Structure formats: C-alpha cells, structure tokens
Amino acid sequence: MAVTREQVFEGFEPGSRRTPLDWVWAALVLLGSAYAYHLYSPYMDVYEVVIQAGATLGLIVWGWYWKPAQPFSLAVTALSVLAMWRYGDALAAAQSDFLLKYLVASQQAFMWMSALYVGATVAYFAAMFARSAFVGRTATALTWAATVMGLTGMMVRWRESYLMGSDIGHIPVSNLYEVFILFSVITALLYLYYEGRHRTRAMGGFVLLVISAAVGFLLWYTFDREAYHIQPLIPALQSYWMKIHVPTNFIGYGGFALAAMLGLAWLIRARLDASGSRFAQALPGLEVLDDVMYKAIALGFAFFTVATVLGALWAAEAWGGYWSWDPKETWALIVWLNYAAWLHLRLGKGWRGKPMAWWAVIGLFVTTFAFLGVNMFLSGLHSYGGL
Amino acid sequence: MTEPVTEVRPVRTAPRRSLGWLLLEFLGSMNLAITLLVVVSIASVIGTVLKQNEPFQNYIIKFGPFWFEVFQRLGLSDVYSAAWFVGILAFLVVSTSVCLYRHVPGMLREMSHYRTDVQAKSLRAFHNRAEWRVAADRAAVLAGLGEALKASGFKARLKDHGDHVVAAGMRGGFNRLGYLFTHLAIVVICLGGLFDGNLLLKWREWRGDIRLETRDVAARDVPPESRLAPGTTPSFRGNIMLPEGSASNFAFLRLRDGFFVQELPFALELKKFRVDYYPTGQPKDFVSQVLVHDSGHLDKPLEATIRVNHPLVYRGYAIYQSDFGDGGSKLRLRAWPLAGQKAEAPVIEGSVGQKLGLKTPQGELTLELEDFRLFNILPLPKSEVGEDETDQAKKFRNFGPNFTFKLRDSAGQALEYVSYMVPTQLDGRGYFLAGTRSTPAEEYSYLRIPADPKGTPTRFLKLVAALHDAPRVEAILDANAAQGTQPVPAEVREVRKRLVGLFAKGGADAVIARAKEVVPAERLQEATGLYLEILRGSLAELYLQVLRDEGLVVESQLGEAEQRFFEDALNALAVLPNYGSPFYLQLENFEQVQASGLQIAKAGGQNIVYLGFALLIVGVFVMFYTSHRRVWAWIADDAGGGTRVILAGTGNRHQQQFDREFAALRARLAQRLGIPSEHE
Numbered sequence: 153m154a155v156t157r158e159q160v161f162e163g164f165e166p167g168s169r170r171t172p173l174d175w176v177w178a179a180l181v182l183l184g185s186a187y188a189y190h191l192y193s194p195y196m197d198v199y200e201v202v203i204q205a206g207a208t209l210g211l212i213v214w215g216w217y218w219k220p221a222q223p224f225s226l227a228v229t230a231l232s233v234l235a236m237w238r239y240g241d242a243l244a245a246a247q248s249d250f251l252l253k254y255l256v257a258s259q260q261a262f263m264w265m266s267a268l269y270v271g272a273t274v275a276y277f278a279a280m281f282a283r284s285a286f287v288g289r290t291a292t293a294l295t296w297a298a299t300v301m302g303l304t305g306m307m308v309r310w311r312e313s314y315l316m317g318s319d320i321g322h323i324p325v326s327n328l329y330e331v332f333i334l335f336s337v338i339t340a341l342l343y344l345y346y347e348g349r350h351r352t353r354a355m356g357g358f359v360l361l362v363i364s365a366a367v368g369f370l371l372w373y374t375f376d377r378e379a380y381h382i383q384p385l386i387p388a389l390q391s392y393w394m395k396i397h398v399p400t401n402f403i404g405y406g407g408f409a410l411a412a413m414l415g416l417a418w419l420i421r422a423r424l425d426a427s428g429s430r431f432a433q434a435l436p437g438l439e440v441l442d443d444v445m446y447k448a449i450a451l452g453f454a455f456f457t458v459a460t461v462l463g464a465l466w467a468a469e470a471w472g473g474y475w476s477w478d479p480k481e482t483w484a485l486i487v488w489l490n491y492a493a494w495l496h497l498r499l500g501k502g503w504r505g506k507p508m509a510w511w512a513v514i515g516l517f518v519t520t521f522a523f524l525g526v527n528m529f530l531s532g533l534h535s536y537g538g539l
Numbered sequence: 004m005t006e007p008v009t010e011v012r013p014v015r016t017a018p019r020r021s022l023g024w025l026l027l028e029f030l031g032s033m034n035l036a037i038t039l040l041v042v043v044s045i046a047s048v049i050g051t052v053l054k055q056n057e058p059f060q061n062y063i064i065k066f067g068p069f070w071f072e073v074f075q076r077l078g079l080s081d082v083y084s085a086a087w088f089v090g091i092l093a094f095l096v097v098s099t100s101v102c103l104y105r106h107v108p109g110m111l112r113e114m115s116h117y118r119t120d121v122q123a124k125s126l127r128a129f130h131n132r133a134e135w136r137v138a139a140d141r142a143a144v145l146a147g148l149g150e151a152l153k154a155s156g157f158k159a160r161l162k163d164h165g166d167h168v169v170a171a172g173m174r175g176g177f178n179r180l181g182y183l184f185t186h187l188a189i190v191v192i193c194l195g196g197l198f199d200g201n202l203l204l205k206w207r208e209w210r211g212d213i214r215l216e217t218r219d220v221a222a223r224d225v226p227p228e229s230r231l232a233p234g235t236t237p238s239f240r241g242n243i244m245l246p247e248g249s250a251s252n253f254a255f256l257r258l259r260d261g262f263f264v265q266e267l268p269f270a271l272e273l274k275k276f277r278v279d280y281y282p283t284g285q286p287k288d289f290v291s292q293v294l295v296h297d298s299g300h301l302d303k304p305l306e307a308t309i310r311v312n313h314p315l316v317y318r319g320y321a322i323y324q325s326d327f328g329d330g331g332s333k334l335r336l337r338a339w340p341l342a343g344q345k346a347e348a349p350v351i352e353g354s355v356g357q358k359l360g361l362k363t364p365q366g367e368l369t370l371e372l373e374d375f376r377l378f379n380i381l382p383l384p385k386s387e388v389g390e391d392e393t394d395q396a397k398k399f400r401n402f403g404p405n406f407t408f409k410l411r412d413s414a415g416q417a418l419e420y421v422s423y424m425v426p427t428q429l430d431g432r433g434y435f436l437a438g439t440r441s442t443p444a445e446e447y448s449y450l451r452i453p454a455d456p457k458g459t460p461t462r463f464l465k466l467v468a469a470l471h472d473a474p475r476v477e478a479i480l481d482a483n484a485a486q487g488t489q490p491v492p493a494e495v496r497e498v499r500k501r502l503v504g505l506f507a508k509g510g511a512d513a514v515i516a517r518a519k520e521v522v523p524a525e526r527l528q529e530a531t532g533l534y535l536e537i538l539r540g541s542l543a544e545l546y547l548q549v550l551r552d553e554g555l556v557v558e559s560q561l562g563e564a565e566q567r568f569f570e571d572a573l574n575a576l577a578v579l580p581n582y583g584s585p586f587y588l589q590l591e592n593f594e595q596v597q598a599s600g601l602q603i604a605k606a607g608g609q610n611i612v613y614l615g616f617a618l619l620i621v622g623v624f625v626m627f628y629t630s631h632r633r634v635w636a637w638i639a640d641d642a643g644g645g646t647r648v649i650l651a652g653t654g655n656r657h658q659q660q661f662d663r664e665f666a667a668l669r670a671r672l673a674q675r676l677g678i679p680s681e682h683e
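Just so you know, the protein sequences line up as chains W and S, in that order. Just so we're aligned, residue 153 is where the first sequence starts under the working numbering, counting upward by one. Just so we're aligned, residue 4 is where the second sequence starts under the working numbering, counting upward by one.
No wet-lab data here; the hints were simulated from the structure. Note that the coordinates shown come from a computational prediction; the quantities given were computed from them, not determined experimentally. In this text, a Cβ means the ideal position worked out from N, Cα and C, and glycines have one as well. Any given hint could turn out to be false.
To be verified - Here chain W is said to cover these stretches of chain S; the calculated rule only asks that three of the stretch's residues, wherever they fall, bring their Cβ under 8 Å from a Cβ of chain W: (1) 41–53; (2) 280–289; (3) 606–620; (4) 623–633.
Starting from the given sequences, assemble the full structure and let the hints guide the process.
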C-alpha cells in the first residue's frame with residue numbers, strides 16, 4: 153500500500169469541485185428520470201413521484217461522491233433497456249429471444265450474478281494467497297460484473313412483473329427471494345466502495361464469502377423451492393412505503409454483514425499474527441479492518457435506524473399502530489440495540505480490536521435471525537417473507 | 004492508515020482532555036447504558052418466542068398449569084406491558100435523561116468555546132501539526148493565518164498571551180448536536196410510546212374505576228364499569244367485526260383474558276365489504292365501504308372507502324381494514340342420514356353464528372354454524388398438477404363455497420366439520436369433500452363422497468341408506484341368492500348379512516377387526532381377503548338395486564362410470580364411520596352476508612413519537628457524518644528574529660478526511676507565509 157493519503161482521497165472529497173463530466177452525469181440522470189416519469193407517471197401516486205424525485209437526486213449525488221457509481225449505473229441502465237427492448241410487450245419473448253434467454257431476462261441475469269460472485273470469491277482468495285495484483289484486479293472486475301448483472305436482473309424483473317399485468321407489477325423487493333438478491337448487490341456495492349477507498353483487495357474474499365452464502369441460499373431457493381416466480385402482492389404490501397423501507401433496511405443489513413466478515417478477518421489475522429504465520433501478511437491489516445468495521449457498522453446503523461422508522465410509519469398506516477411488538481419489529485429493535493451497544497463501546501469507551509470483532513461477528517447472527525429466522529420460526533405480521 | 008479518535012496522542016493537559024468525547028469522562032453511566040441496552044434486547048426476545056396475548060386456555064394446553072402460573076406471575080403472556088419490562092425501559096429513559104443532563108451543558112459550551120489557552124507543548128503532541136520559523140513579523144503572520152483559516156472555512160478567536168498569541172479555529176461544532184438529538188430522541192420516543200401504551204388503562208383498572216369484562220357477553224350487556232366513554236382514553240387500539248348493513252358506535256379493547264367496550268363519538272356503518280382477487284386466486288384487495296354517522300359534526304353521513312394501507316382518519320380516530328369474516332350468511336342445509344335413520348333428509352335453515360338444537364338417534368346434538376366462505380382458493384393436491392406445470396396460477400384452484408360447523412353432544416364434546424357445496428374434480432371425477440377433525444390443531448381428514456351423474460351426492464346417500472336398512476339388505480341378498488343357478492347355503496347368506504351389518508356400523512376397520520378375532524394370525528390375510536371379497540359382492544348387489552331404483556338398466560354389463568362410482572363409493576363407505584356425524588349436511592343454498600374486521604385506533608402520543616423519530620434520524624447522521632474540527636496556531640516572536648509558528652489540529656470523526664483538510668490549511672498558510680511546500 154505505497155499510496156499516499158493525497159492519492160487515496162482523489163475524488164472522495166465532498167467539497168471538491170464538480171468536473172464537467174459530473175454535470176454531464178447529472179444531466180443524464182435528470183433526462184432519464186424525466187423520460188421515465190413521462191412513460192410511467194400514470195402508474196404512480198404522489199408519494200411515488202416524490203420517491204422518484206428523491207431517487208433521482210440521490211443517484212446524482214451518489215455518482216458525484218463515488219465516481220464508479222456512474223459507469224455502474226450506466227451499465228445497468230444499458231442492459232435493462234436492452235432487456236426491455238427485447239421484451240417489447242410480450243413476456244413470452246424470454247423463451248425465444250437469444251439475448252433474453254441467455255443474458256438479460258431476470259432469471260438469467262441472476263444466474264450470471266451468482267456465477268460471477270462465486271468466481272469473484274475464489275479470485276479474491278487466490279489473489280490474496282498468490283499475492284497477484286492481476287488476479288486481484290480480475291476479482292474486482294468480476295464483483296463489478298456480478299453486481300451489474302444483479303441490479304440489472306432486479307430492474308428487468310420489475311419490468312417483467314408489469315408485463316404479467318399492470319395490477320401485478322411491483323418493485324422486486326417483496327419476498328425473501330428478491331431481497332436476497334438485493335442483499336447481495338448492496339453488500340457488494342458497500343464492499344466495492346471500501347475497496348476503492350482503502351485501496352486494498354485483501355478484504356474482498358471475506359466479504360464475498362457472505363455474498364456467496366447468500367447466492368448459495370438463492371440457488372437452493374430457486375431450484376428446490378422454485379421461489380423465482382413473480383407473485384402478485386398481497387394487499388398489506390401494496391404501498392409506496394415498500395420502495396423505501398426495504399432497500400433502506402438492506403443497506404443496514406449489508407453494512408452489518410460486511411462488518412461481521414471483517415470482524416472474522418480481524419480474528420483470523422490476529423491469530424495468524426500471534427502464531428507468526430507467514431500467511432498473516434496476506435490478510436488485511438488489523439487497523440484497516442478495525443476502521444472499516446466501524447464505518448460499516450456506523451453506516452449500517454444509520455440506515456437501519458431510518459429503515460426501522462420508515463417501517464414504523466408504514467405500520468401506522470397499514471396495521472393501525474407504529475409499534476405492535478410484532479416479532480419482526482421486536483427483532484429489529486434487538487438488532488438496533490445490539491449495534492447501539494457496540495457503538496457506545498467503541499465511541500464512548502474507546503474499545504477496539506478483539507471484543508469488537510467478536511461482537512460484530514455475533515451481531516451477524518442476531519441480524520440473520522431478524523432477517524431470516526423470524527420469518528422461518530416465528531409467526532407475525534411480517535409472515536409474507538416466509539420460506 | 005486511519006488514526007482512531009482516541010489515539011490522538013497524549014491527552015494529559017486539562018483543556019485537551021475535554022476535547023475528547025465527554026461521555027468518556029463518565030464511564031460509570033456509560034457502563035450502565037450499555038448494560039441496559041443489552042438487557043432490554045435480551046428481554047425483548049421473550050415476547051417473540053412466546054406468542055403474546057393468546058387466550059389463557061392456549062397457554063395452559065401448551066405449557067401446563069404450573070408453567071402457566073409462573074408465566075402469569077412474570078406477566079409473560081403480555082411481556083411488553085409487564086411491570087418489570089416497563090420498569091427496565093423506564094430505567095433506560097432515566098439513565099439517558101441523566102446522561103443528557105450531565106453532558107448537554109458541557110457539549111453546548113464545547114460547541115461555542117474556542118480553546119485559546121492551549122500550550123505549545125500540547126500542540127506539538129498532535130498528530131496533525133506543523134512548525135515553522137518565518138521571517139515575517141507577528142502581524143504579517145496573523146494576517147496570513149486569518150486568510151488561510153477563512154479560506155479553509157474555520158471560524159477563529161484570537162488571544163494575546165503577551166509573549167505569544169494563540170489563534171483557535173473551529174468547524175462543524177454542530178456535530179455535538181448529534182449526541183443531544185439521538186439521546187433526547189430515545190427519551191421522547193419512550194415517553195410518547197408510554198402514553199400510547201395501555202398503562203393509563205391499567206392504572207384506572209388498578210384504581211377500580213373500570214373493570215375488565217371477562218364473560219362471553221354481547222356488547223349491549225356489558226355493564227357500565229367495563230365501558231370507556233369517548234374521550235376518556237387518549238390512546239387505544241380496538242377492534243370491531245361489522246356485518247354488512249350493520250352499524251356500531253363502539254369497539255372492543257382486548258386485554259389479558261377479557262375486554263373493555265370503548266365507546267366512540269360517532270357510529271360506523273358497513274355498507275359493503277368486498278375481496279378482490281388476482282387471476283391467480285390470491286387476494287388482491289380488501290375493501291370496506293363505510294358510512295360515518297355523526298350528527299353533531301356532519302350534515303349527512305360521510306361516505307368513505309377503507310382498504311389495507313389506506314385507513315380512514317376521522318376526528319383523530321384512525322380506522323383500518325384489518326380482518327374479514329362472515330357476518331351471518333343464511334344457509335339452507337339438507338341433513339342426509341348416515342346412520343340408518345328412517346326419516347327423509349330434512350332441511351335445516353340457519354345463519355352463521357347460530358346454534359341449533361337437533362334431535363338425533365345419537366341423542367341431543369347442537370349444530371353450531373361457524374363460518375361460510377364463498378371462495379376457497381387452495382393449492383391443488385400434487386396428483387392434480389402436471390409434471391411440467393410451471394405456471395403458479397394453475398397450481399391453485401377455487402374449490403367453491405364451503406361452510407364449517409361444529410356438532411356438540413350433551414357432554415360438551417364437539418367435532419369440527421367443513422363441507423364443500425360443489426363437487427371437486429380429482430382425477431377426472433367429482434367428489435363432495437367433507438372434512439372432520441376433533442381439535443383445531445389437526446388437519447381435516449376428508450371423506451370423498453362421489454358425485455353422481457347429476458352432480459349430486461344423492462346416489463351415494465341412497466346407497467348409505469340401503470346399507471343401513473337391514474331388512475332391505477336381507478331382502479336384496481336373498482332375492483339375488485334365489486336368482487342364482489346354484490343355491491346359496493344358509494350359513495353363507497348369514498355371513499354375508501352379518502358382514503354387511505358390521506361394515507355399515509364400523510366400516511372396513513370393523514370387518515378387519517372381526518377377522519382378527521375369529522382366525523389365527525397366520526391365516527389373517529387370507530381370511531380378510533375372503534371377507535372383503537364376500538362384502539364386495541354383497542355391496543355390489545345393493546349398488547345395483549340403487550341403480551335400478553334410479554331407473555337405469557343394469558342387467559347387462561355396467562358402464563365404466565358406474566363401475567368407477569362403485570369403487571369410489573366403497574372407499575368412502577369404508578371410512579364413513581370415522582366421519583362421526585349421524586348425518587351429512589349438504590349445502591343447498593346460501594345468501595352471503597360478509598363482515599369486515601376494522602381496527603379503530605387513537606394514538607395521542609403519535610406526534611411526540613414522530614418528533615422523536617425525526618430527532619433520532621437527524622442525530623444519527625450528524626453524529627456519524629459530521630466532524631467537530633479544531634485547529635490552533637501558536638505564534639511567538641523568535642529569539643533569533645522573525646516568528647515561530649506552530650499549527651496543529653484535530654477532529655473527532657473521519658480522521659483521514661481531517662488529515663487532508665489540515666494539509667490544505669497548512670499549504671494555504673505556508674503559501675501565504677512564503678514557505679516552500681514540503682512533505683513530511
């Protein structure tokens with residue numbers, strides 16, 4: 153890591169001046185958003201128009217602060233538009249059209265995503281042990297490609313749901329199958345951000361491991377349970393709140409999962425250091441891990457807070473009260489309290505290192521139970537997310 | 004790479020210490036806070052594992068009377084309003100409040116106070132620092148410093164200490180508000196939530212002002228002490244099941260094993276309730292069309308539509324679509340005797356929710372009509388779904404109207420039944436499905452009554468009647484025996500009659516049990532086979548007679564459909580005694596009346612809680628994503644001429660970002676002071 157701080161921060165400074173390309177980016181996003189509004193405004197209520205406006209601004213700012221978001225978004229847009237063009241008005245095109253059948257129909261895109269994430273995981277570990285910069289770059293490229301395919305698949309699935317019928321159409325974040333893809337994509341994006349920011353690929357294998365686990369679940373869910381079918385929304389989910397509540401929640405889950413994997417890497421590295429293993433140097437440094445772990449948890453906590461509040465506001469509209477001590481709500485609170493305690497220890501008491509790494513790892517189990525376990529084992533108002 | 008906050012080197016001097024997190028100084032209360040966070044989260048798990056607010060009977064069945072007693076003592080059936088749980092939450096609120104009280108004044112000072120008394124020694128200990136000797140005089144340095152600080156966005160104060168001058172700059176002091184907002188938010192949310200909980204209700208109950216109604220009585224019979232007048236409860240969540248065409252000006256507040264009647268200052272009338280379905284059969288929308296009657300506030304009744312996610316808010320009361328059910332559909336049933344009653348099948352008329360006394364050969368029974376459902380969209384059995392069928396919609400089918408009922412004997416024991424109105428197609432043949440179970444925890448086991456060519460259960464029920472009519476059985480069997488070319492021995496005829504009688508009473512099980520009784524184990528299979536063979540022959544003769552009665556010509560070969568019907572009828576007859584009811588209730592006609600389950604809520608503390616939410620979100624982002632940064636310049640005349648300058652700085656977040664910011668400031672100052680740019 154022979155990189156000076158000056159270089160690392162190139163393009164990350166929030167206050168830095170906008171380049172002409174940044175304005176081109178903003179113009180593109182605005183144009184795209186305006187065109188989408190022109191096409192789809194009849195399907196949107198006033199809240200959804202507000203959400204679209206917010207998403208447009210968010211995308212512009214995201215692209216400004218994190219430059220790779222620009223080519224990423226453009227790639228996803230290009231592939232999604234390609235799929236929409238090949239589909240036309242007929243869902244049946246997925247059976248006959250070559251591009252859809254082998255590349256961009258949502259199901260195919262998810263398969264590509266799955267294969268690429270698993271490939272990226274292997275490549276990151278290979279790069280780590282072989283200390284090969286080339287393999288490392290390949291791993292990053294694979295992760296980017298997988299993420300592009302994942303988000304493209306979600307966009308296309310969104311369109312496919314409308315091709316099934318305008319009353320069936322909905323954003324694909326409505327069941328366990330769909331949110332697992334969302335989880336993979338968000339976790340990967342968070343990771344890629346920190347990879348760029350810290351100029352180290354050593355964390356990649358660990359983070360991609362949890363994404364690969366999600367992919368493994370997804371494949372089982374696809375082939376064993378045939379969960380990939382697009383289902384119409386039950387009445388409780390037919391709300392604009394879903395568009396903001398679910399993705400926000402998964403930024404939280406993604407941050408927590410990322411932190412847990414870095415906690416794991418920390419513990420392994422610390423043990424290798426203690427035993428004087430020559431592999432130790434291949435792993436990311438303890439300080440970087442500690443720092444990124446904190447940042448991921450802080451980010452996850454901030455978004456999880458927003459998501460839980462949004463959930464409460466939605467609950468007030470759908471279930472008649474902002475808080476009902478429903479198992480999912482309660483587990484969201486447990487997760488929140490857990491990370492609140494973590495942050496108090498870190499910021500208030502200045503704890504570092506081993507206990508925090510352990511806590512982050514255990515935190516993933518708590519989070520996973522809130523995310524999966526509640527749906528599998530406990531009944532309640534959130535039961536539509538079940539297996 | 005990063006410099007963690009607390010490692011901003013030696014923090015020995017007094018002013019330096021207060022630059023860190025103020026919370027650090029109160030480790031004691033911090034420990035308490037963390038402990039409370041963990042304790043609340045662990046305690047919260049209980050209510051997610053143990054189902055809350057179930058009828059008490061359910062806990063007793065599941066855990067036994069001893070544990071039920073323990074659970075009750077600990078309030079586990081409603082743990083989130085148990086005294087000890089609320090106590091822990093209260094403790095958390097108090098602890099947070101104390102924390103705020105102790106830290107906020109200091110933090111507000113911290114936001115506005117420029118630390119101009121800093122020592123050169125401590126500045127030299129900073130991670131971010133620079134030290135120069137410049138030719139310019141003090142005034143020129145100060146001028147350059149002022150420009151550089153301004154260009155970097157720092158506000159600054161200057162203090163002349165005589166031999167040296169300290170300039171202290173600051174940015175992002177509002178970061179400290181993050182702490183204030185988040186912690187204040189917790190207090191605000193908890194207080195608002197407490198207000199919306201049922202604590203007030205419990206207090207009034209404890210004082211004896213009101214009394215929980217635990218009897219199963221109609222709302223109009225509830226005594227005044229269990230009624231809550233409008234406006235006396237600032238927050239509540241009540242429910243009402245409203246049949247179409249009826250109105251209500253109250254809701255039920257369920258608590259423990261009873262309820263209160265919450266009166267409303269208006270009446271709610273359900274005009275129509277409707278469920279919309281997707282083509283796949285899943286419900287798409289639940290819609291209640293209501294009228295609000297409120298003569299004091301409305302000239303004419305207010306028309307409104309309530310859907311899931313689209314509540315009606317009227318005078319601070321929010322009305323939600325939460326449930327639906329039957330509102331007393333009128334059913335016309337035909338009771339076909341299954342146990343040999345001589346009577347013709349009588350017609351029973353009743354409506355859902357009614358209890359009807361029936362006189363049967365088994366004694367007095369109470370027929371409790373429980374529910375009626377017009378649509379029953381259910382997954383098909385695996386055998387009905389094609390191997391290559393991928394279309395989800397085709398895996399579901401509407402099984403048509405059904406109704407459920409209970410039959411309760413004089414001892415109070417009840418069996419539960421479900422019965423479908425129209426035949427279900429399975430394997431290309433139609434069956435009337437009639438399910439029975441003894442407890443709600445079980446799955447229904449279904450009797451499949453084959454439908455005759457007219458699509459009715461009549462042929463099967465005639466066969467049942469014939470089977471139970473012993474003299475008739477005898478006559479038919481004897482007549483057939485006489486027709487045969489070979490005379491049938493009397494004892495064989497006797498065996499046939501007895502087997503038919505046994506089968507009529509106890510089904511296939513009785514016949515097998517009988518075989519076990521009379522033959523040794525090694526010949527059991529053979530004997531059972533023989534018995535069933537004889538039985539089959541005898542029943543076939545009854546069946547032919549039933550067909551003859553229908554006017555069919557059966558003397559030649561039977562058609563395939565008739566043969567299949569016979570097989571199906573045999574299967575159904577074999578398990579008929581397990582059905583447990585002395586008659587089969589055929590739904591002949593109905594007039595559906597639906598009911599909509601509405602939840603009526605008033606949350607007086609909602610706005611307080613939402614204020615807390617806003618504080619929390621703003622606070623969290625301010626706390627994590629802004630940084631309180633301070634810089635200092637210590638300036639003194641150098642003994643050798645010129646001026647000595649020490650520049651140092653620190654931020655409480657985002658160390659790397661601050662490093663860069665500090666570097667920019669240093670470069671600006673260096674440029675203004677004419678120092679060639681350097682790298683450490």
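Taking the hints in turn, this is what the structure says about them:
1. Here the stretch 41–53 of chain S counts 8 residues with a CB under 8 Å from a CB of chain W, which clears the bar of 3, and the coverage holds.
2. Evaluation of the coverage hint for the stretch 280–289 of chain S: fulfilled, as 8 residues show C-beta separations to chain W shorter than 8 Å, against a requirement of three.
3. Given as covered by chain W, the stretch 606–620 of chain S passes the check, having 7 residues with a CB less than 8 Å from a CB of that chain where 3 are the minimum.
4. Remark: the stretch 623–633 of chain S is confirmed as covered by chain W, as 4 of its residues place a Cβ nearer than 8 Å to a Cβ of that chain, reaching the required three.
In summary, the structure agrees with every hint in the numbered list given earlier.
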